Amino acid sequence: DAGITQSPRHKVTETGTPVTLRCHQTENHRYMYWYRQDPGHGLRLIHYSYGVKDTDKGEVSDGYSVSRSKTEDFLLTLESATSSQTSVYFCAIRPGSEGDTQYFGPGTRLTVL
Amino acid sequence: QKEVEQDPGPLSVPEGAIVSLNCTYSNSAFQYFMWYRQYSRKGPELLMYTYSSGNKEDGRFTAQVDKSSKYISLFIRDSQPSDSATYLCAMSGISGGSYIPTFGRGTSLIVHP
Numbered sequence: 001d002a003g004i005t006q007s008p009r010h011k012v013t014e015t016g017t018p019v020t021l022r023c024h025q026t027e028n029h030r031y032m033y034w035y036r037q038d039p040g041h042g043l044r045l046i047h048y049s050y051g052v053k054d055t056d057k058g059e060v061s062d063g064y065s066v067s068r069s070k071t072e073d074f075l076l077t078l079e080s081a082t083s084s085q086t087s088v089y090f091c092a093i094r095p096g097s098e099g100d101t102q103y104f105g106p107g108t109r110l111t112v113l
Numbered sequence: 001q002k003e004v005e006q007d008p009g010p011l012s013v014p015e016g017a018i019v020s021l022n023c024t025y026s027n028s029a030f031q032y033f034m035w036y037r038q039y040s041r042k043g044p045e046l047l048m049y050t051y052s053s054g055n056k057e058d059g060r061f062t063a064q065v066d067k068s069s070k071y072i073s074l075f076i077r078d079s080q081p082s083d084s085a086t087y088l089c090a091m092s093g094i095s096g097g098s099y100i101p102t103f104g105r106g107t108s109l110i111v112h113p
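Chains as they are written, first to last, in the numbering used here: chain A, 1 to 113; chain B, 1 to 113.
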């Protein structure tokens, strides 16, 4: 258990509504990541953060924004959810003590109707 | 060609078999090599990681890296039904300090009693 929680764990929403997913860590790691996982695509990086207020885009960042105002929290926002954003979303942290290993949260299952 | 190739399976074996899971890659800059196990509807969990070439053993699991062939393997001895999961390989090198691993799409393993 790497002390990572995600909320909510499940969410059903409608197309066009904003959605915010939260990732919380208890160990003050600098690097945090948001991935989505879809059948046939594996894990794809959405955004990552390398410190408070320091974020950058991943390979599938369109339609997503992030914020990190505290070390322990990394928020992922879907400004206007679309059905193509139906997915399982994982947050991860990089402790830095074991190379580039990452530890993942339990995931959020999002359905956009 | 994707940077990391991994056969999706499923790979079905009888209990007690030796399992070999493999990934090939194209980027010679990769230095860190990781294996994750993901149970259904759970987040990936780190199994093993190695730096550069060589073997690493942990209980029934052995990770092997052959950088000359750009090929990594995970061996599972005396496989158990509880090993049934999807196995993801991941690898990274220091690239601008972003520490972003590249993941394979995962191999589904089924160990039947």
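Because the hints were derived from the structure by calculation, they are not lab data.
Incorrect hints may appear among the rest.
Here are the simulated DSSO-like pairs of lysine-lysine, each with C-alpha atoms no more than 30 Å apart in a straight line [what the hints assert, rightly or not]:
id: 1; chain 1: B; residue 1: Lys56; chain 2: B; residue 2: Lys67
id: 2; chain 1: B; residue 1: Lys56; chain 2: A; residue 2: Lys11
id: 3; chain 1: B; residue 1: Lys67; chain 2: A; residue 2: Lys53
id: 4; chain 1: B; residue 1: Lys2; chain 2: A; residue 2: Lys57
id: 5; chain 1: B; residue 1: Lys70; chain 2: A; residue 2: Lys70
id: 6; chain 1: B; residue 1: Lys70; chain 2: A; residue 2: Lys57
id: 7; chain 1: B; residue 1: Lys42; chain 2: A; residue 2: Lys57
Bear in mind that the values here come from a model prediction, so they are computed numbers and not experimental data.
Do the hints match the structure? See the list:
Taking the CA atoms of lysine 56 of chain B and lysine 67 of chain B, the gap is about 14 Å. The hint holds against a cut of 30 Å. A threshold of 30 Å between alpha carbons decides the hint, and for lysine 56 of chain B with lysine 11 of chain A the separation of about 40 Å lies outside it, so the pair is violated. At roughly 37 Å between alpha-carbon atoms, lysine 67 of chain B and lysine 53 of chain A are farther apart than 30 Å, so this suggested pair is violated. Straight-line distance between C-alpha atoms of lysine 2 of chain B and lysine 57 of chain A comes to about 20 Å, which keeps the hinted pair within the 30 Å bound.
A hinted pair counts as satisfied when its Cα atoms are at most 30 Å apart, and lysine 70 of chain B with lysine 70 of chain A does not qualify at roughly 39 Å. Only pairs whose Cα atoms come within 30 Å are accepted, and lysine 70 of chain B paired with lysine 57 of chain A is accepted, the gap being roughly 28 Å. Between lysine 42 of chain B and lysine 57 of chain A the alpha-carbon distance is near 25 Å, which keeps this suggested pair within the 30 Å criterion.
Of the numbered hints given earlier, the model fails hints 2, 3, 5; all others are met.
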